[in-house]
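If you're matching them up, the sequences are chains A and B in order.
Oh and the first sequence: position 371 is 371 in the numbering used here, straight run, nothing missing.
Oh and the second sequence: position 82 is 807 in the numbering used here, straight run, nothing missing.
Worth double-checking, as some hints may not be accurate.
[Said to hold, decoys possible] Cβ pair distances, simulated, as ranges:
(1) Thr146(A) / Ile737(B): 41 to 49 angstroms
(2) Ser288(A) / Pro795(B): 24 to 32 angstroms
(3) Arg842(B) / Leu15(A): 41 to 49 angstroms
(4) Ile741(B) / Ser498(A): 54 to 62 angstroms
(5) Leu66(A) / Thr844(B): 34 to 42 angstroms
(6) His771(B) / Val268(A): 50 to 58 angstroms
(7) Thr844(B) / Ala326(A): 33 to 41 angstroms
(8) Tyr78(A) / Thr769(B): 19 to 27 angstroms
(9) Val268(A) / Ala749(B): 45 to 53 angstroms
(10) Asp829(B) / Thr146(A): 34 to 42 angstroms
(11) Val31(A) / Arg842(B): 34 to 42 angstroms
(12) Ala220(A) / Ala749(B): 47 to 55 angstroms
(13) Tyr214(A) / Thr849(B): 26 to 34 angstroms
(14) Ala326(A) / Arg842(B): 45 to 53 angstroms
No lab work stands behind these hints, which were simulated from the structure alone.
Predicted, not measured: the structure shown is a model, and the values here were computed from it.
Even for Gly, the Cβ is constructed at its ideal location relative to N, Cα and C.
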Amino acid sequence: LNFYSRFLGGGNDLLLLLLVQVALILGLSRVIGALFRRMNQPQVVGEMLAGIMLGPSLFGWLAPALSGAVFPPASIVYLNVLSQVGVIFFLFLVGLELDPKLIRNRGHSAVVISHVSIVAPFLLGTALSLLLYRRLFNHSPHMQFTSVALFIGASMSITAFPVLARILTERNLHKTKVGAVTITCAAVDDVTAWCLLALVIGIARANGISSGLYTAGWAALYVLVMFFGVRPFLRRLQLVHERQGRLSQAMVGAILLMVLVSAYITEVIGIHALFGAFLLGAIMPKGSEFVKTLTEKLEDFTVVFLLPVFFAFTGLKTRIGVLDNAEMWMYCGLVILVACAGKFGGSTLAARACGMPWREAGAIGILMNTRGLMELVILNVGRELGVITDAVFAMMVIMALTTTALTTPILHWVYPRKLMEKEQAFDITAGYKALIPVSLPSSGISLVRLADALTADDEERQILALTLKQPVDRDAFRTGLNLDDLPEKTDSLQPLLSEAAKLEMKVTPVAFVSRDVPSDIARTARLRNVNLILMGFHNPVYTSSILGGTVHRVLTGSDSDVAIFVERGDSLPRTILVPFLGSKHDRLALELAGRMARNTQAAVTLLHVTPPHALVSEARKDGIKSMSDRVFNDPSHPLPVTLRTIEGESPVEVVIEQAKEFELVVIGVAEEWGLESQLLGFRAERVAREVASSLLIVRKHGSFAAARGITGSTEAVAEIAKRVN
Amino acid sequence: LSRPTAVYLVMIVVLIAGLWAVLAIGSHLVAPEDLAGKWKLQSTIHGIPDDMLNIEQSGRFYQISFDRDPTHRLDLKWTDRTANMVHLAGGDTKLTISGLMDSDDKTVELSGNHAGRWTAHRVTRAYPWDVSGKEGH
Chain A
1 LNFYSRFLGG
11 GNDLLLLLLV
21 QVALILGLSR
31 VIGALFRRMN
41 QPQVVGEMLA
51 GIMLGPSLFG
61 WLAPALSGAV
71 FPPASIVYLN
81 VLSQVGVIFF
91 LFLVGLELDP
101 KLIRNRGHSA
111 VVISHVSIVA
121 PFLLGTALSL
131 LLYRRLFNHS
141 PHMQFTSVAL
151 FIGASMSITA
161 FPVLARILTE
171 RNLHKTKVGA
181 VTITCAAVDD
191 VTAWCLLALV
201 IGIARANGIS
211 SGLYTAGWAA
221 LYVLVMFFGV
231 RPFLRRLQLV
241 HERQGRLSQA
251 MVGAILLMVL
261 VSAYITEVIG
271 IHALFGAFLL
281 GAIMPKGSEF
291 VKTLTEKLED
301 FTVVFLLPVF
311 FAFTGLKTRI
321 GVLDNAEMWM
331 YCGLVILVAC
341 AGKFGGSTLA
351 ARACGMPWRE
361 AGAIGILMNT
371 RGLMELVILN
381 VGRELGVITD
391 AVFAMMVIMA
401 LTTTALTTPI
411 LHWVYPRKLM
421 EKEQAFDITA
431 GYKALIPVSL
441 PSSGISLVRL
451 ADALTADDEE
461 RQILALTLKQ
471 PVDRDAFRTG
481 LNLDDLPEKT
491 DSLQPLLSEA
501 AKLEMKVTPV
511 AFVSRDVPSD
521 IARTARLRNV
531 NLILMGFHNP
541 VYTSSILGGT
551 VHRVLTGSDS
561 DVAIFVERGD
571 SLPRTILVPF
581 LGSKHDRLAL
591 ELAGRMARNT
601 QAAVTLLHVT
611 PPHALVSEAR
621 KDGIKSMSDR
631 VFNDPSHPLP
641 VTLRTIEGES
651 PVEVVIEQAK
661 EFELVVIGVA
671 EEWGLESQLL
681 GFRAERVARE
691 VASSLLIVRK
701 HGSFAAARGI
711 TGSTEAVAEI
721 AKRVN
Chain B
726 LSRPTAVYLV
736 MIVVLIAGLW
746 AVLAIGSHLV
756 APEDLAGKWK
766 LQSTIHGIPD
776 DMLNIEQSGR
786 FYQISFDRDP
796 THRLDLKWTD
806 RTANMVHLAG
816 GDTKLTISGL
826 MDSDDKTVEL
836 SGNHAGRWTA
846 HRVTRAYPWD
856 VSGKEGH
């Protein structure tokens, strides 16, 4: 302990202690949060759990002396101040994120479901307090039955909008009917819950009816002043921002000051500082760059730094050890049960009553049951007010964690991904389909030109341009959700779509949020019955292999043919080299070269490399000839092709040497060419690195595409290939 | 009347009736007396030292400890209230706290391991007691 004390400044240096505390909180919060993310759980569940782990429930239980040295009671005051400031700014951000468009004109059903999703848990919560009041609450001025019942009701009816929106975007549900209804409900819940909380706080703090009316009167007046006095001023700030084109420090300072003043006023009125911060954010004019920039400026520090401190503070106050007997745990189970019955049951039944199928209604119920950190915010307010006891606080924290953690797995079960995929599946009878995943905007142009060169002769061709957005990093708060986001408006697809328009080519843009890009590329290709995935390459971060990392995972994980384009020239090739040894990948290379030749009149040379002095049988020569004839000598549209047989020890050397004469090399993935797909390949592929011309590296996934009869000449080519081999 | 409108009307009726019923019934309920906090004990029996008693309470559930042996925690449960006496029990231990309701001055009588009888004065409360909600913790 002496060692710890020395390390912590002997317990006298509060700054040193605070630095150690915050570093520990941040470190653990990031690690556990990342761990939960990997488990397909919202990061915020991990962060909440990290906070509890630092408290008496784990750290204090396992190492009481060390815990006491790191978090001495005297220092908790400072953590409390930090966490309170954090929650004030967090609520301001929540208000900023509140978009009235999500609530307006969303139809009767959405309004009904949203209100039932508040009323049902609220009523069940108040009814539960009839049972719990004499068992888990103390007789004190702040724990009068009315305050307790309303508080339990309000805390049961909360929904964590940010967490919910994050789950929806990650599952690409936000543009479905389920997603749209749920988002509306959650947005309504957000506003209602904070107003309800303000009401409960007002009642809990009021000393008689006159005091209650006084608080209500001032609160109403304050809301009016904010809407009709402060909001116009905020609009002016927005105009200044538009004129200046940036958010100056003076403006940021002014807004921070307004947040603090608003929080101060509502605290003085008696409806808590949080409501003032939330209200200021909520009245901020939405849909502008001003709000976006302001959010970006504030969110990192608030969400990454201050919120984990809030979680830790909550954890330090959560003593799960208080629940030390079976009866207490039974009450805890009951709290969870009632919370789920109210929120999940209420939302589900309301959605069903409004005519939605059971499965969709159930999905809405599950999503609405997500409480996340919003529950912790409300619980801390209740604890600070003295409306709930330590045991009830611990039970409600467990309930918040449980309901949030259950959302994703139960949603997977009730509303499985394959169900959505079924709805999204495309007609498989249409023409040749190419999928172009685009990450960097600049790479889209050459890929769409290449796609045009490959498919121009197919009148029924379908070209899909896909861009996958990574989920925003700060999932505790930011949702990345914008219902008006259209794929064609996505920045990374703009150059591609402009080029397609020039080529008079119809391209369907597809954009969604993805946590696992390679898998989602493969999944999209499968859903849309794509023949060819045509993608650029990016140097993997940790390896030197072009066919490693993401490319490797697409190559090996997709059921479609894949072509990786390594661009080293900006015009369409007039000469194409196809190194050929007869593998199925080489045959795909030949087929794609044939397609390009048909559409661009490019001259194709088929390169066959044999060992020195090897006798090549006549049958083999005939096989290669027949194969190229089948691809190139279509009687209706014959194409020039040259067969070139070169003797060489190393096929790789031969290809590099021969490629000098050509503008494009179309080559199959094969060990002979030194092109092998490896996730962590550290050997740079020589052909890919040393060939000076552009490269199209292809990999055939024959069974799937051929079975659908999509690739035209593939089966014929395969038949001839038997003779070659 | 469309289906959503009907659902909405039912919801409003249920809300008003339900909330009225809950608050009406709840207004007759009384929670266990708040004894949580730190109590200064003065022994009334010769040979038993003065002490500090810490009571953590959530309704009928209590965790108590004494400053002279803080690691030893007693888990007690409310069993009865007679006149001005609150009876707690857990394992072999029985604790009786007597005095006026909500008063900070009580008499504490304990049987079992830490047996003794004391007059007790509450030094701090665990839960806020003033109207502004800032006291305690």
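Evaluation of the provided hints:
1. Thr146(A) / Ile737(B): 41 to 49 angstroms: 21 angstroms, violated
2. Ser288(A) / Pro795(B): 24 to 32 angstroms: Taking Cβ atoms as reference, Ser288(A) and Pro795(B) lie about 58 angstroms apart, which means the hint is violated.
3. Arg842(B) / Leu15(A): 41 to 49 angstroms: Holds: the Cβ-Cβ distance is about 48 angstroms, inside 41 to 49 angstroms.
4. Ile741(B) / Ser498(A): 54 to 62 angstroms: 59 angstroms, holds
5. Leu66(A) / Thr844(B): 34 to 42 angstroms: At 38 angstroms between Cβs, range holds.
6. His771(B) / Val268(A): 50 to 58 angstroms: 54 angstroms, holds
7. Thr844(B) / Ala326(A): 33 to 41 angstroms: The hinted range 33 to 41 angstroms holds for Thr844(B) and Ala326(A), with Cβ atoms some 35 angstroms apart.
8. Tyr78(A) / Thr769(B): 19 to 27 angstroms: Since Tyr78(A) and Thr769(B) have Cβ atoms about 42 angstroms apart, the given range 19 to 27 angstroms is violated.
9. Val268(A) / Ala749(B): 45 to 53 angstroms: Violated - the Cβ-Cβ distance for Val268(A) and Ala749(B), about 33 angstroms, lies outside 45 to 53 angstroms.
10. Asp829(B) / Thr146(A): 34 to 42 angstroms: 25 angstroms, violated
11. Val31(A) / Arg842(B): 34 to 42 angstroms: Distance hint for Val31(A), Arg842(B) is violated at roughly 52 angstroms.
12. Ala220(A) / Ala749(B): 47 to 55 angstroms: 27 angstroms, violated
13. Tyr214(A) / Thr849(B): 26 to 34 angstroms: Distance hint for Tyr214(A), Thr849(B) holds at roughly 30 angstroms.
14. Ala326(A) / Arg842(B): 45 to 53 angstroms: Violated - the Cβ-Cβ distance for Ala326(A) and Arg842(B), about 32 angstroms, lies outside 45 to 53 angstroms.
Violated hints for the displayed structure, listed by number in ascending order: 1, 2, 8, 9, 10, 11, 12, 14.
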